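I would like the entire structure built from these sequences, with the hints used as guidance.
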Amino acid sequence: MAELKLTDVAKSYGGKVEVLRDINLDIKTGELVVFVGPSGCGKSTLLRMIAGLEKITGGTFEIDGVPMNDVPPAQRGIAMVFQSYALYPHMTVRDNMAFALKIAKKSTDEITAAVENAARILQLTDYLDRLPKALSGGQRQRVAIGRAIVRDPKVYLFDEPLSNLDAALRVATRIEIAQLKESMPDSTMIYVTHDQVEAMTLADRIVVLANKGIAQVGSPLDLYERPDNEFVAQFIGSPAMNLLAGKISATGAQTTVTLESGGTATVAIPTEADQLGRAVNVGVRPEDLVLAEGTPLIGGTVDFIEALGEVTLLYFSAEGGRDPLIAKLPGIHAGLRGKRVDLSAASDKLHLFADGLSLRPKG
Amino acid sequence: MLEQITFALGTMIAGVFGCVLYFFMSNKLLDAALPAKGVNAGRNINRANRIRPWLFMFPALFILGLYLVYPVFNSIWLSLHNRSGRTWVGLDNWVWLVKDGKFRESLFNNILWLITVPALATFFGLIAAALTDRIRWGNFAKSLIFMPMAISFVGASVIWKFVYDYRAAGQEQIGLLNAIVYGFGGDPAAWITLPFWNNFFLMAILVWIQTGFAMVILSAALRGISEETIEAAILDGANPWQVFWKIKVPQIWGTVAVVWTTITVTVLKIFDIVLAMTNGQWGTQVLANYMFDWMFRGNDYGRASAIALVIMLMVTPIMVWNIRNARKEDI
Ligand SMILES: Nc1ncnc2c1ncn2[C@@H]1O[C@H](COP(=O)(O)OP(=O)(O)O)[C@@H](O)[C@H]1O
Ligand SMILES: [Mg+2]
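Chains as they are written, first to last, in the working numbering: chain L, 1 to 363; chain H, 1 to 331.
Treat each hint with caution, since some may be false.
To be verified - Ranges of calculated distance between the beta carbons of each label pair, as one might list FRET restraints: (1) L:Lys133 <-> H:Pro317: 25 to 31 angstroms; (2) L:Asp129 <-> H:Val320: 27 to 33 angstroms; (3) L:Ala178 <-> H:Pro317: 55 to 61 angstroms; (4) L:Asp152 <-> H:Val181: 54 to 60 angstroms; (5) L:Tyr13 <-> H:Trp137: 20 to 26 angstroms; (6) H:Gly224 <-> L:Ser39: 24 to 30 angstroms.
To be verified - Derived lysine-lysine pairs resembling DSS-like cross-links, with alpha carbons at most 25 angstroms apart: (7) H:Lys328 <-> L:Lys133; (8) L:Lys28 <-> L:Lys212; (9) L:Lys328 <-> L:Lys339; (10) L:Lys106 <-> H:Lys248.
Said to hold, decoys possible - Computed footprint of chain H on chain L; a stretch qualifies when at least three of its residues, placed anywhere within it, have a C-beta under 8 angstroms from a C-beta of chain H: (11) 74 to 82; (12) 96 to 103.
Quick caveat, the hints were computed from the structure, so don't treat them as lab data.
All values derive from a computational prediction rather than experimental measurement.
Every residue, glycine too, gets a C-beta built ideally from N, C-alpha and C.
Laid out in structure tokens, this is it:
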């Protein structure tokens, strides 16, 4: 029903401040795509360009093959849910939801039916005659979503819709949004967040934005298992992936890296012979580290631990290594503080980066 | 001349130092009377803190009382006495007031002003605020519109006298309005003597002055509106007209009301413009000018006080409402 296509889209303010460039992205009908990235990387800007609230200063944006660059926002068939909810403070919940339909001169019956249907889906029926200021944060959020639903748009845009809610409500609303998406399989949704948990749980595909462009596009597990670059590797997953500096000492079907910390890593990624001696970073996720039985990958003294019950986080500094490292061990290991530990990881769990980019073959 | 300047400076310095001295000494005294030490330190601090605000507010309260509350009671007292303010006449002045044709004319005109000026000034102010907010030279336009605020009512009246100035047909028209009418082939008219309509010509002056005030306040309020509600409305399909009237204006309704009532209070006291333009002739009399007439031309304290009280009665409810509204805005 609605396919979105961005080709070489760019944005700069006043011709000088470049915020985004070379954005190429296809979004299929019914997909839920999440834009994720650090604060200030241009997620909202990209979303607002899709909405038509911000002028596209380069490239083209199409919906179903029709160029949208100069189409006014209201005619793009999109609805947007704002971070601050942006409810009309002087209107009741009912009028907030009915506003767009009244502007579109729909019949009273039609409006009533649409509003009541949305209210039922979102459990707002008892609050229809209240003003926004008499609602809790979660209810306001639902009104904002209801305002989008009544219009039955082709594309839903969400800009950090949960960031003003407390932790428990955030989880609950996240699940509601996931259910809402399931009940509307034909609607395309774009969801912006800086929270990778939201991104991982909601998305069909995640678009990681960084450095004015797209760092990687892929399914949540794709990004987790096969990050294209160090940025994505460290952005997805919590705590962030450890990077161990070293040099390639043997190439072939597997690559051997001599680490600065003294150890040796065997990575299940093939490399060509001309890569020999190249400076690389070996990436290993904290949860992939285990207490060593054979030859350890790294060793060090535990500076600090965080025991969460189901897992224990070890913060340690490797000998000869630069940055503090983190390991996430299942179960309780309360006694390890101040002790020396040796850790290893399976070779197929290791990642290999040179100049910030993954050496893993594509595809 | 020099003597006067020295005197003025002396008064200012004495006033400022007097105030400082008062606050300093009264504070000292309070601390001495309720020392913040010893066995009763806690209780003393609490008591002193309860007394201190009143101590500091006392001068203001006293002066307000002297210049506001006392005159009200004196006016009531005077309105029940004869022209010299010595002989008791009961309700005679009030009975006269009810029967007096000129008073009724003033009251009617005042109500006319009351309806027209706040509505027009607020409306023009709102439009000016909306239009100047979005354009590059908006701030310049704003300064121009705000400028009349800096002119005294009498000064403004002098300017507008030239706008309405009348010369017989055939002569060179120095009045702007007549020059235009004449230029289009019409007959020049003595605008401010046209019964009934001349009221509106006088009102135009106050509208011209107050629009700037309304614009400044409303423009600040418009800027306070969350940008996202406007964007949401645009996405909802509202055109600029609908965004303005259905999203923006309702959100600043409280401010509109405050502006409206503030201008209303100014209008109720309107005096200078009428005095300078017509002095109440040709059916343009208003209450404040009529009071002034009886006070200083008719030398009748009783009647003047009765008219003054009528003005106060009309202003009070609007003031109360205004203050309540302003308070609600804060919360
Ligand atoms: N009107 C503007 N003029 C100049 N720079 C802007 C403007 N609006 C946003 N930016 C810049 O664009 C960048 C992206 O902003 P935004 O899209 O809001 O980031 P986020 O990813 O946090 O949503 C920021 O660095 C911000 O400073
Ligand atoms: Mg943002």
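Here is what the structure says about each hint:
1. L:Lys133 <-> H:Pro317: 25 to 31 angstroms: holds (28 angstroms)
2. L:Asp129 <-> H:Val320: 27 to 33 angstroms: holds (31 angstroms)
3. L:Ala178 <-> H:Pro317: 55 to 61 angstroms: Holds, at about 57 angstroms.
4. L:Asp152 <-> H:Val181: 54 to 60 angstroms: Once the Cβ atoms are compared, 58 angstroms apart, the range 54 to 60 angstroms for H:Val181 and L:Asp152 holds.
5. L:Tyr13 <-> H:Trp137: 20 to 26 angstroms: At 22 angstroms between Cβs, range holds.
6. H:Gly224 <-> L:Ser39: 24 to 30 angstroms: holds (25 angstroms)
7. H:Lys328 <-> L:Lys133: Holds, at roughly 15 angstroms.
8. L:Lys28 <-> L:Lys212: Answer holds: L:Lys28 to L:Lys212 is near 23 angstroms, not above 25 angstroms.
9. L:Lys328 <-> L:Lys339: Distance ~16 angstroms between L:Lys328 and L:Lys339 Cα, so the pair holds.
10. L:Lys106 <-> H:Lys248: holds (23 angstroms)
11. 74 to 82: holds (count 5)
12. 96 to 103: holds (count 3)
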